[in-house]
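Guided by the hints, dock chain B onto chain A, whose structure is given.
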Amino acid sequence: MLQEESDLSLIIAQIVQKLKGSNLYAQLERQAWACLQRPEIRLESLKEDIKEFFKASGWEKKLQNAVYSELNVYPLPSHPSAPPEHLKEPLVYMRKAQGSWEKRILKSLNSMCTELSIPLARKRPVGEQKELLNKWNEMGTDEPDLSLFRPVYAPKDFLEVLINLRNPNYENGDSLSFRTHLGLIQVPLKVKDIPELKECFVELGLNTGQLGIDDSTQVPPELFENEHVRIGQKVLVQQDSAAAQQYIRQGSPTALRAELWALILNISSQPEDVKLTASNDDYYFVFEDYLYQVLLCFSRDTSVLSHFAYNSASPPKSYIRGKLGLEEYAVFYPPNGVIPFHGFSMYVAPLCFLYHEPYKLYQIFREMYVRFFFRLHSISSHPSGIVSLCLLFETLLQTYLPQLFYHLREIGAQPLRISFKWMVRAFSGYLATDQLLLLWDRILGYNSLEILAVLAAAVFAFRAVNLMEVTSLAAAEAVLADLSTLKVMPLLQIFLFATVT
Amino acid sequence: MSRVLVPCHVKSTVALQVGDMRTSQGRPGVLVVDVTFPNVAPFEEITFKNYYTAFLSIRVRHHTPLHTPSKWVTCLRDHCLMPDPHSEEGAQEYVSLFKHQMLCDMSRVLELRLILRQPSPLWLSFTVEELQIYQQGPKSPSLTFPKWLSHPVSNEQPAPRLEGLPDPSRVSSEVQQMWALTEMIRASHTSTRIGRFDVDGCYDLNLLSYT
Numbered sequence: 001m002l003q004e005e006s007d008l009s010l011i012i013a014q015i016v017q018k019l020k021g022s023n024l025y026a027q028l029e030r031q032a033w034a035c036l037q038r039p040e041i042r043l044e045s046l047k048e049d050i051k052e053f054f055k056a057s058g059w060e061k062k063l064q065n066a067v068y069s070e071l072n073v074y075p076l077p078s079h080p081s082a083p084p085e086h087l088k089e090p091l092v093y094m095r096k097a098q099g100s101w102e103k104r105i106l107k108s109l110n111s112m113c114t115e116l117s118i119p120l121a122r123k124r125p126v127g128e129q130k131e132l133l134n135k136w137n138e139m140g141t142d143e144p145d146l147s148l149f150r151p152v153y154a155p156k157d158f159l160e161v162l163i164n165l166r167n168p169n170y171e172n173g174d175s176l177s178f179r180t181h182l183g184l185i186q187v188p189l190k191v192k193d194i195p196e197l198k199e200c201f202v203e204l205g206l207n208t209g210q211l212g213i214d215d216s217t218q219v220p221p222e223l224f225e226n227e228h229v230r231i232g233q234k235v236l237v238q239q240d241s242a243a244a245q246q247y248i249r250q251g252s253p254t255a256l257r258a259e260l261w262a263l264i265l266n267i268s269s270q271p272e273d274v275k276l277t278a279s280n281d282d283y284y285f286v287f288e289d290y291l292y293q294v295l296l297c298f299s300r301d302t303s304v305l306s307h308f309a310y311n312s313a314s315p316p317k318s319y320i321r322g323k324l325g326l327e328e329y330a331v332f333y334p335p336n337g338v339i340p341f342h343g344f345s346m347y348v349a350p351l352c353f354l355y356h357e358p359y360k361l362y363q364i365f366r367e368m369y370v371r372f373f374f375r376l377h378s379i380s381s382h383p384s385g386i387v388s389l390c391l392l393f394e395t396l397l398q399t400y401l402p403q404l405f406y407h408l409r410e411i412g413a414q415p416l417r418i419s420f421k422w423m424v425r426a427f428s429g430y431l432a433t434d435q436l437l438l439l440w441d442r443i444l445g446y447n448s449l450e451i452l453a454v455l456a457a458a459v460f461a462f463r464a465v466n467l468m469e470v471t472s473l474a475a476a477e478a479v480l481a482d483l484s485t486l487k488v489m490p491l492l493q494i495f496l497f498a499t500v501t
Numbered sequence: 001m002s003r004v005l006v007p008c009h010v011k012s013t014v015a016l017q018v019g020d021m022r023t024s025q026g027r028p029g030v031l032v033v034d035v036t037f038p039n040v041a042p043f044e045e046i047t048f049k050n051y052y053t054a055f056l057s058i059r060v061r062h063h064t065p066l067h068t069p070s071k072w073v074t075c076l077r078d079h080c081l082m083p084d085p086h087s088e089e090g091a092q093e094y095v096s097l098f099k100h101q102m103l104c105d106m107s108r109v110l111e112l113r114l115i116l117r118q119p120s121p122l123w124l125s126f127t128v129e130e131l132q133i134y135q136q137g138p139k140s141p142s143l144t145f146p147k148w149l150s151h152p153v154s155n156e157q158p159a160p161r162l163e164g165l166p167d168p169s170r171v172s173s174e175v176q177q178m179w180a181l182t183e184m185i186r187a188s189h190t191s192t193r194i195g196r197f198d199v200d201g202c203y204d205l206n207l208l209s210y211t
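Chains A and B, in that order, give the protein sequences.
No gaps in the numbering here: position 50 of the first sequence is 50 in UniProt numbering, and each next residue is one more.
No gaps in the numbering here: position 167 of the second sequence is 167 in UniProt numbering, and each next residue is one more.
Don't read these hints as lab results, they were simulated from the structure.
Do not rely on the hints blindly, as some may be mistaken.
In the DSSO-like style, the derived pairs of lysine-lysine whose C-alpha atoms are separated by at most 30 Å in a straight line are [what the hints assert, rightly or not]:
id	chain 1	residue 1	chain 2	residue 2
1	B	K49	A	K96
2	A	K190	B	K49
3	A	K61	A	K192
4	A	K190	A	K156
5	A	K190	A	K103
6	A	K96	A	K190
7	B	K49	A	K18
8	B	K49	A	K192
9	A	K487	A	K96
10	A	K234	A	K61
11	A	K192	A	K234
12	A	K103	B	K99
Every value quoted in this text rests on a predicted model; they were computed, and no experiment measured them.
Chain A extracted, bound-state conformation (with noise of 0.2 Å):
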């Protein structure tokens, strides 16, 4: 058998492992056995019927989607003799780096423990348990004593880490010579260029209609908006996760955004068990509850720990009762392995006000984050990770701005220590909702992260005029403080498709 062929079998094989384990999995079987009532199912045909009810009844297209998205979020299968650590992270160097950064992590967590005297996790005494039940709907009325911790790391800590990224097998002289990046990155890692990027953003070109320019209000909507809301309401009909991912790269509208993105995350429309008691009462929600609400169930989701498999960190672990280093008392720390920053409430506010209920809401979130956002606080050499983001950026400004480029390296005001902190949390915070949400839009078409550094790019060159006349990182700063009022898809139309090189 030729090695595509086999490749294919393999990968075949794989997603029927995964899928097996999976609730959809259960469901049609069900449906199998309870179809079997049905007078067109016939006994000498059986398995052809049944693939013809799958068929008209949508189950086929559940299963295409599931088989899409398992497609989309697992990396292929690697060769045999790769070790597991090897489909987490193949450069052996990065992968030392995460370590020694995961390790500075639970120091620095351990000494906040025990300077004020506080356990990692106790089980909550009954009373608690009792009022935060009671008060679970109105967590954010009621916060803690916060003071005295400290935030676990900032951005900016991790910044640090990551320009001191070495390749121990690179070329890294003292010497100015063609292979020094006049960058903060240092490591050689394979980014795209314009022509590159115009290839694979073909769709935010200028002869593509886009939302987020092409429905401002000066643009009559019978040009584009209204056939491509009427195209939108078609895919959501038909339930194809594929065709809703292409829809999605020209932006979606409004009233179709939650539904959408629902559809090519793959999120089931059944409510899990989740301990979200999500009481149905109407009431007037702030979304400090659900911020707390979500983030608190996040952290105990031990369904998170599989991502683990393709992401170059790993879970911290600890021991019950101070038994150190009996595997039987063994567990992860936190339940979900993952050790939140600076900031990063910020992933889940701007979902917010796409869902309104709670479940879906935390779904939404746990999707995009194993899907996405982990890739912008982990060491790795994936095209979406966080060090590939910072070069494309680097480089992108380099290439297309030199005089901008090297005018700011001379005030001491590197432009990867500005547009850091925008990368790092996807934008969140600093962009306008509206602007945010047809941003996120095209993460989610495109399936990577790459648009960021794009778009971080683009802002330096909108703001080129008055970055050439600062004279410090600080006027610099102020220069691009204040991201609210931009428009993120004229930007990035611009960079892309219309500056002259």
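Quick look at chain B alone, frame taken from chain A:
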């Protein structure tokens, strides 16, 4: 589809460089690795872990009968391991090369010579690691089907082939392979431990572990 490891001796790499190695400033861009076999082996597959090698060529010396001198023949020419020699892509990947990718017959191999090339001056060193050669192993008995399933009797009238459909015997052999693979994975699959955060209902934790 099973394979058997072939015992072989991998010699240490030799750098090819013009001029005196000790005084020259530049780093060699070509390395040669020789692999010898104690017995003449039928080659099936070679696997290795790449370490910053950009291009690989393989030359082979066959076993020839009765004292005729055997010549070196190129069986793989400039196989690309790193699409961009200056960047990390493919630099530390695990690679397998099969006999159907080779340019010549590989049934009686005496010696292999791997020629590694890395034209970029950015890397301090390059090589291939964990080199292993395989030959075709014996067919596993559990995979053999009853003869009448896999080899229909030749004097049977074959059913008229409908237009546009793939050859049924080819499809059936592919399905067999796929089934075998699924069985293999199912058998070897260890169920991942469901992450837990408490032991017997207790979750008193004091410190995180560094190991």
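Within a Cα-Cα threshold of 30 Å, do K49(B) and K96(A) meet the stated pairing? Given pair K49(B), K96(A) holds - Cα atoms ~18 Å apart, limit 30 Å.
30 Å limit on alpha-carbon distance, applied to hinted pair K103(A) and K99(B): It is violated: about 45 Å lies between the C-alpha atoms, which goes past 30 Å.
K190(A) paired with K156(A) [C-alpha distance capped at 30 Å]: holds (24 Å)
For the pair supplied as a hint, K96(A) and K190(A), confirm whether the alpha-carbon distance does not exceed 30 Å. Judged against 30 Å, a Cα distance of about 20 Å means the pair holds.
Pair hint K192(A) and K234(A), alpha-carbon separation not exceeding 30 Å: violated (34 Å)
Does the alpha-carbon distance linking K487(A) and K96(A) stay inside the 30 Å limit? This hinted pair is violated, its Cα atoms lying about 40 Å apart.
Does the alpha-carbon distance linking K190(A) and K49(B) stay inside the 30 Å limit? Distance ~20 Å between K190(A) and K49(B) Cα, so the pair holds.
Check whether the Cα positions of K190(A) and K103(A) lie no farther apart than 30 Å. holds (28 Å)
Straight-line Cα separation of K49(B) and K18(A) no greater than 30 Å? holds (28 Å)
CA of K234(A) to CA of K61(A), is that 30 Å or under? Holds, because 15 Å separates the two Cα atoms, which is no more than 30 Å.
Verify the proposed pairing of K49(B) with K192(A), using a straight-line Cα cut of 30 Å. Cα-Cα ~26 Å, so holds.
Going straight from one Cα to the other, do K61(A) and K192(A) come out at no more than 30 Å? Violated, at about 34 Å.
The structure fails to meet hints 3, 9, 11 and 12 from the earlier list, while all remaining hints are met.
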